[in-house]
Amino acid sequence: MASPAAKSAYLGWVAAAIAGERGVSPTFAAAEHDLILGYATGYEAADVAIFVRSLRAVYAGPVALVTDQDPALLDFLAQHGVESAPPPLACSGVWRPHPVMQRFAAFDALMSERPWARHVLLTDVRDVVFQAPPFDPPPQKLEFFVEYDGGLKGHAFNMKYLRGVGGEDVARALAEKPCVCVGTVMGPRACMIRFCRTLLMLAAIPRSEIGGAFGADQAACNIALHLGLVEGEARPNYGRVATVGLTPGDALSLDGTGRIVNPDGGVSPIVHQYDRHPALTAATHERWGQGFEARERRRGRSLSERGRKLRDSFARRLPELR
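In terms of the working numbering, the sequence shown has 149 at position 86, counting the first letter as 1, and numbering is strictly consecutive.
Treat the hints with care, as some may be off.
[Claimed, not checked] Estimated spans, in silico, between C-beta atoms of each pair: (1) 141 with 196: 20 to 30 Å; (2) 313 with 235: 30 to 40 Å; (3) 70 with 313: 20 to 30 Å; (4) 82 with 316: 42 to 52 Å; (5) 75 with 346: 43 to 53 Å; (6) 82 with 291: 22 to 32 Å; (7) 199 with 219: 16 to 26 Å; (8) 357 with 328: 22 to 32 Å; (9) 95 with 360: 34 to 44 Å; (10) 105 with 220: 13 to 23 Å; (11) 143 with 195: 27 to 37 Å; (12) 309 with 346: 26 to 36 Å.
It is worth saying that the hints were derived from the structure and are not from the lab. Virtual Cβ for every residue (Gly too), placed ideally from N, Cα, C.
Make the full structure from the sequences, and use the hints.
In structure tokens, the structure reads:
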């Protein structure tokens, strides 16, 4: 007698999201290139201008952002040679996970369609600025970047979702491990595809309302790295990437060209979460955001956006028999 199959909204979604046939993108297909991918739904040109302009000052290779298909945004991206990919449609009825989880299915599809990609950077968009070529030196394996020096045990948000995704015992076992941020991850293409699929399947362990929620991505990333489910390393903060959201503001400064300087005096090619610091936000907008409204980190949503968020949140919390 066959065993009954596990049922969950998340499993239905993830199967449809990562198991389908993929075509091949012709973009840059004649040779190998590095590739940068970001997920930027819900954003306008003003929200991505700093990311795009600072990136194009140091990197000329292919970039693809998953975005809404707003004409003004598409025009801005086209002006800077940035490809826009439409967000994936709901794959399993009305249910879909939070965008922080949806993005890894989109990244998997984009990488699978681009066999020419050599090394890939998966990155947040709204709060990232580039200061030097991001792939110099090239990564040899998956690189994860520390965001908090006190380890996972000292980061309440991460511990909460580690318990939710992996359980209390897994969270306790990983408590002393480095706290890495899923907002910037880099590595060879095949390793990055494996990472995305591992993260997506780890999030299927708890009920869909947890595995599909904001924060599950961060927990699954730390579990995948620290349990050896993917081959990678945790890189110290302020190296290739500076994640500065928890860095004291008085430990950061600007040099004569407007670049953000780390507490150790170095300048990282990629700075993440600079918008947690008003002085850095103002200086970065002055340098890269000219002609666009300076955006607050948190701003009000329209009625339609709030309604969609409420519907999605409700759908993720429907009772589920496993």
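Structure-based check of each hint:
| no. | hint | verdict |
| --- | --- | --- |
| 1 | 141 with 196: 20 to 30 Å | holds, 23 Å |
| 2 | 313 with 235: 30 to 40 Å | holds, 35 Å |
| 3 | 70 with 313: 20 to 30 Å | violated, 52 Å |
| 4 | 82 with 316: 42 to 52 Å | holds, 48 Å |
| 5 | 75 with 346: 43 to 53 Å | holds, 46 Å |
| 6 | 82 with 291: 22 to 32 Å | holds, 25 Å |
| 7 | 199 with 219: 16 to 26 Å | violated, 35 Å |
| 8 | 357 with 328: 22 to 32 Å | holds, 28 Å |
| 9 | 95 with 360: 34 to 44 Å | holds, 37 Å |
| 10 | 105 with 220: 13 to 23 Å | holds, 21 Å |
| 11 | 143 with 195: 27 to 37 Å | violated, 18 Å |
| 12 | 309 with 346: 26 to 36 Å | violated, 19 Å |
The structure shown violates the earlier hints numbered 3, 7, 11 and 12.
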